Amino acid sequence: MSGNNLPPFAEGIFTGDGTLVELVGSRCPLCGAQHFPARTHCPDDMAETEAVSLGGSGTLYSATVIRTKPPFGLPAPYAVGYVDLDAHPLRIFMLLDPAHTEDFRIGMPLALKSGALGVGLNGEPCIRPYFTPTLKD
Amino acid sequence: MVAILGVGTTRFTQKIERTIVSLGVEAARLALSDAGLAPTRIEGAFVANALGGMLFGDTTIGQTLLRDVGLRRLPIVNVENACTSGSSALWLAWNAVSAGQMEAALVLGVERMCVPSLGLINSGRTEIDTLLGLVTPASFALRAQRHMHEFGTTREQMAAVVEKSRRHGALNPNALFQRAETIADVLAGPSVADPLTRSECCPIADGASAIVIGSDRLARELGAGVRIDSVVLASGGYENPADLARWDTDTETAAAAYARAGIGPEDLDLVECHDAFSIAEILHCEALGLCAPGEGGPLAASGATSLGGRIPVNVSGGLISRGHPVAATGVAQIAEIAAHLRGTAGARQVEGAKVGLAQCMGGDLAGDTKSCTVAVLSR
Ligand SMILES: [Zn+2]
Numbered sequence: 000m001s002g003n004n005l006p007p008f009a010e011g012i013f014t015g016d017g018t019l020v021e022l023v024g025s026r027c028p029l030c031g032a033q034h035f036p037a038r039t040h041c042p043d044d045m046a047e048t049e050a051v052s053l054g055g056s057g058t059l060y061s062a063t064v065i066r067t068k069p070p071f072g073l074p075a076p077y078a079v080g081y082v083d084l085d086a087h088p089l090r091i092f093m094l095l096d097p098a099h100t101e102d103f104r105i106g107m108p109l110a111l112k113s114g115a116l117g118v119g120l121n122g123e124p125c126i127r128p129y130f131t132p133t134l135k136d
Numbered sequence: 000m001v002a003i004l005g006v007g008t009t010r011f012t013q014k015i016e017r018t019i020v021s022l023g024v025e026a027a028r029l030a031l032s033d034a035g036l037a038p039t040r041i042e043g044a045f046v047a048n049a050l051g052g053m054l055f056g057d058t059t060i061g062q063t064l065l066r067d068v069g070l071r072r073l074p075i076v077n078v079e080n081a082c083t084s085g086s087s088a089l090w091l092a093w094n095a096v097s098a099g100q101m102e103a104a105l106v107l108g109v110e111r112m113c114v115p116s117l118g119l120i121n122s123g124r125t126e127i128d129t130l131l132g133l134v135t136p137a138s139f140a141l142r143a144q145r146h147m148h149e150f151g152t153t154r155e156q157m158a159a160v161v162e163k164s165r166r167h168g169a170l171n172p173n174a175l176f177q178r179a180e181t182i183a184d185v186l187a188g189p190s191v192a193d194p195l196t197r198s199e200c201c202p203i204a205d206g207a208s209a210i211v212i213g214s215d216r217l218a219r220e221l222g223a224g225v226r227i228d229s230v231v232l233a234s235g236g237y238e239n240p241a242d243l244a245r246w247d248t249d250t251e252t253a254a255a256a257y258a259r260a261g262i263g264p265e266d267l268d269l270v271e272c273h274d275a276f277s278i279a280e281i282l283h284c285e286a287l288g289l290c291a292p293g294e295g296g297p298l299a300a301s302g303a304t305s306l307g308g309r310i311p312v313n314v315s316g317g318l319i320s321r322g323h324p325v326a327a328t329g330v331a332q333i334a335e336i337a338a339h340l341r342g343t344a345g346a347r348q349v350e351g352a353k354v355g356l357a358q359c360m361g362g363d364l365a366g367d368t369k370s371c372t373v374a375v376l377s378r
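Note that the protein sequences, when read in sequence, are chains Z and S. If you read the first sequence in numbering that gives the first Met the number 0, its first letter stands for residue 0, the second for the next number, and so on. If you read the second sequence in numbering that gives the first Met the number 0, its first letter stands for residue 0, the second for the next number, and so on.
Derived by calculation from the structure, the hints in this document are not laboratory data. Hints should not be assumed to be uniformly reliable.
[Claimed, not checked] Some residues of chain S that are not near chain Z, with every Cβ distance over 12 Å (derived): (1) Val20; (2) Ser32; (3) Glu79; (4) Ser116; (5) Arg219; (6) Gly263; (7) Gly293; (8) Lys369.
[What the hints assert, rightly or not] With a straight-line cut-off of 20 Å between C-alpha atoms, the simulated SDA-like cross-links for lysine to any residue are: (9) Z:Lys68 with S:Lys369; (10) S:Lys369 with Z:His34; (11) S:Lys369 with Z:Pro42.
Values in this document were obtained by computation on a predicted structure and should not be read as measured data. Every residue gets a Cβ at the ideal spot worked out from N, C-alpha and C, and that includes glycine.
Kindly produce the complete structure, drawing on both the sequences and the hints.
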């Protein structure tokens, strides 16, 4: 999927494009807590946070295929899951690769990609990140 | 101590073309007449509605509809707290009566949502998770997948929740679904979000439920014998990583309600819980301590949660068969428990019921619930 000139579905969620994509989170300079999506301030001590890359790899914690009418122009069916990130102890909700909808199993290693996928709040085509099964070497 | 003085619930249905006001007025009249209390003796009202603002642009409907039942010149608060809107209204009313601010209060939950403009239910249109495709059935499908993975819970055990729910619903004249459905039928239905089939997801409905609560003194005057022993309202903890197979917020809210009521799960005669999906009832049974963590699947399949079993769960039919008019549900659960404690539940009566518990949950944030309520009632 190409879509280099399309806008991201939301600002400040991920960087890069295609197969080199990393999630953006925030880190609290006082307590070290990390959050995704990024927050401007740590909810525990109100300190202003700094941006931190959360990397682009993880392990699948749980996944489902949604077979009802999809929102935001997503494909029918489409897969979503919770992913444990490798770089930080965070479990995040994310779309899963539409080219592998039926292939996801708990415990799989995953890598982040991005591409044109569905539409945004105002119906405009946009780029979304999604995890795909890591290719075996 | 706060008592339940009267209850009233409308039929839950998808077929009627009635306004929110007409539904709410019917439930309020039923509850007032059941209590035997003149409207002028109600000193405050808490009116729950979750979707009227979004679907119809109807706001502050409490004042609009209560004017029609003679409730004027009193404090009226409109309440929105997702699926716990109704039980949160009860929490507010219980606090007001407990504090001596009012002798009697009306709690009303009303929803009209069976309209074409109702889209997929999510937890806020601009949330990042929503924009990434998270819809409510998926939240619970992801829990189900994890529960199956960790505890060996089976699809048949989850379908047993629905089979039992349909048997109960058939005994409730107010329930939306009143026909039997086998485990095979449940599993043969179309998948909404794997592994949950359509029958494992609660249906939307229109309906209203109301209760009148009041002081000890008023309960003695009216001969009302059902007490509210505790009502706990809590928001989520939103810890990361979230454990989707064990629900801490649920467990902790239940523990607080048990502690305040001075009872434990072994003292319960019946439970109404927020079975928005089959897996939800399994998770709630575990959180409420009706079985050990991870044992909710076998519990459902054992028949223990059926009418006549060790601990009947959702004898009303629950959300899955009674239907889920969002803000009415939390009040209808309380009305159901009260009916059993008074011995007026008809064909689905839990014989000799003395203690009951109602659990409700609403909203979805960071793999947790936004709101959880647990109430303990006794006679
Ligand atoms: Zn901090």
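Hints versus structure:
no.: 1; hint: Val20; result: holds, 31 Å
no.: 2; hint: Ser32; result: holds, 41 Å
no.: 3; hint: Glu79; result: holds, 22 Å
no.: 4; hint: Ser116; result: holds, 14 Å
no.: 5; hint: Arg219; result: holds, 48 Å
no.: 6; hint: Gly263; result: holds, 31 Å
no.: 7; hint: Gly293; result: holds, 16 Å
no.: 8; hint: Lys369; result: holds, 15 Å
no.: 9; hint: Z:Lys68 with S:Lys369; result: violated, 25 Å
no.: 10; hint: S:Lys369 with Z:His34; result: holds, 18 Å
no.: 11; hint: S:Lys369 with Z:Pro42; result: holds, 16 Å
In the structure shown, a violation is registered for the earlier hint numbered 9 alone.
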